[in-house]
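Asker: One line per chain: the protein sequences are A and B, in this order. With the numbering used here applied, the first sequence corresponds to residues 1 to 287, in that order. With the numbering used here applied, the second sequence corresponds to residues 288 to 416, in that order.
These are computed hints drawn from the structure, not numbers from a lab. None of the values given here were measured: they were computed from a predicted structure. Heads up, some of the hints might be wrong.
Unchecked claim - Coverage of chain A stretches by chain B, computed from C-beta distances (three or more under 8 Å per stretch; other residues unrestricted): (1) 192–202; (2) 228–242.
As the list claims (entries may be wrong) - Here are some, though not all, of the chain B residues that point toward chain A, as calculated from beta-carbon distances under 7 Å: (3) 369; (4) 383; (5) 389.
By construction, the Cβ of each residue, glycine as well, lies at the ideal position given by its N, Cα and C atoms.
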Amino acid sequence: MLPPMPQPAPLVLDTLQRDTAALLQEWFVELKAQGAGSDHRISESEMREQGAELLRVLGAAAETGTDVGAEPWRPVREFLDRMSRSRAVQGFSSSETATFLFSLKRPLFARLRARATDAAALGEATWTVTELIDRLGLHTVATFQKSREEVINRQQEEMLELSTPVVKLWEGVVALPMIGTLDSARTQIVMESLLQRIVETGSEIAIIDITGVPTVDTLVAQHLLKTVTAIRLMGADCIISGIRPQIAQTIVHLGVELDGVTTKATLADALSLAFKRSGLVVTRAKA
Amino acid sequence: MDRIPILRMGDFLLVTIQVDMHDQLALTLQDDLTAAIQRTGAKGVLIDISALEMVDSFIGRMIANISRMARILDARTVVVGMRPAVAITLVELGLSLAGVDTALDVERGMRRLRDALDEAGVASADHED
Numbered sequence: 001m002l003p004p005m006p007q008p009a010p011l012v013l014d015t016l017q018r019d020t021a022a023l024l025q026e027w028f029v030e031l032k033a034q035g036a037g038s039d040h041r042i043s044e045s046e047m048r049e050q051g052a053e054l055l056r057v058l059g060a061a062a063e064t065g066t067d068v069g070a071e072p073w074r075p076v077r078e079f080l081d082r083m084s085r086s087r088a089v090q091g092f093s094s095s096e097t098a099t100f101l102f103s104l105k106r107p108l109f110a111r112l113r114a115r116a117t118d119a120a121a122l123g124e125a126t127w128t129v130t131e132l133i134d135r136l137g138l139h140t141v142a143t144f145q146k147s148r149e150e151v152i153n154r155q156q157e158e159m160l161e162l163s164t165p166v167v168k169l170w171e172g173v174v175a176l177p178m179i180g181t182l183d184s185a186r187t188q189i190v191m192e193s194l195l196q197r198i199v200e201t202g203s204e205i206a207i208i209d210i211t212g213v214p215t216v217d218t219l220v221a222q223h224l225l226k227t228v229t230a231i232r233l234m235g236a237d238c239i240i241s242g243i244r245p246q247i248a249q250t251i252v253h254l255g256v257e258l259d260g261v262t263t264k265a266t267l268a269d270a271l272s273l274a275f276k277r278s279g280l281v282v283t284r285a286k287a
Numbered sequence: 288m289d290r291i292p293i294l295r296m297g298d299f300l301l302v303t304i305q306v307d308m309h310d311q312l313a314l315t316l317q318d319d320l321t322a323a324i325q326r327t328g329a330k331g332v333l334i335d336i337s338a339l340e341m342v343d344s345f346i347g348r349m350i351a352n353i354s355r356m357a358r359i360l361d362a363r364t365v366v367v368g369m370r371p372a373v374a375i376t377l378v379e380l381g382l383s384l385a386g387v388d389t390a391l392d393v394e395r396g397m398r399r400l401r402d403a404l405d406e407a408g409v410a411s412a413d414h415e416d
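With the rest of the complex left out, here is chain A (with noise of 0.2 Å):
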């Protein structure tokens, strides 16, 4: 546990409050020399907006002390909040993030070191403003990391919905182009969504359709095998197609035993199977 934290050097607070026009000067020279910016996923006019924001709330904190954890700094907190998430948002890397607060570092320490008039004083504030820096970059590191779980957790959410679209392909016979990998809880809902399709529709025949799932193994088998019972037990047949070649030596050297599912190697040929039992016909309207 660190001691409670003591007002920052005069020195401190006078470069962050009266020098801050030159500041943001020098902090956007050095941040133009990392190159940040040069690729326009954010204009400059924005960055100078934060920056000067920046400076502002940082200033107004400081005069407080400097636990970046007090209730003075939650302005400060709240800006690195928006504007981390913002740089997940539009793409940045997490380093890329951290370094935009870092770069501060060079102009203050010359603001500094242009105000200082003895070596202790000059040593002193360094530190406090090196920590200060640190903590509020560890602080938007953090909070760059939870954005950027956020946006993958709505991702995965998205591609759950995504991944179960029950079609229609013709009266009585409804088809699931299944796409990615099979886990128990994507499994779980193909199987609610189709099964409640097949009631919804009065179809009798169902064809799941894996061209696109990846790889096949023994869960994933045993899954399939599931949703083909459950369509049995609901009085629907079901046809697994798209089964590919490298597809079925796994199912054979795993030792998954298929016995009473019926599998074709296409959709059409699926498809032919299912009008060929309701009985329809597909001809060619001109011999």
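Since the structure of chain A is already known, use the hints to place chain B on it.
Answerer: Okay, now just chain B, sitting in the frame of chain A:
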């Protein structure tokens, strides 16, 4: 209600389960149904479970057993209208009800029974010739 009604429709018996099954009810149904098949000489049994919302392993096995008993008494059984949630539960319980005929609704179930009866009729007629 301590009994599930068994209705006769021509050659078939119709059982509609409208309440949640408990074990005693299932056993009573098993007795009643086998007795009814024997009495009426029915050729098919249609069990409608579209109102059944919950099953356990016992009820699942009862359905399979009833179907097998009916088969021994020379009657085909079709289970119709199983809800998705019930189907998923049975599969998760490891009950695949192998050998039990299923259909989506009563109409399709009746057609299935009639088709089976026609086939059997044709077969036996052939046999007599």
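Asker: Now tell me if each hint is right for this structure.
Answerer: Hint-by-hint comparison with the structure:
1. 192–202: holds (count 6)
2. 228–242: holds (count 8)
3. 369: Holds, because the Cβ-Cβ distance from residue 369 of chain B to chain A comes to roughly 5 Å (cut-off 7 Å).
4. 383: With a closest approach of 5 Å, the residue 383 of chain B hint holds.
5. 389: Cβ of residue 389 of chain B sits 4 Å from chain A, so the hint holds.
Checked against the numbered hints above, the structure violates none of them.
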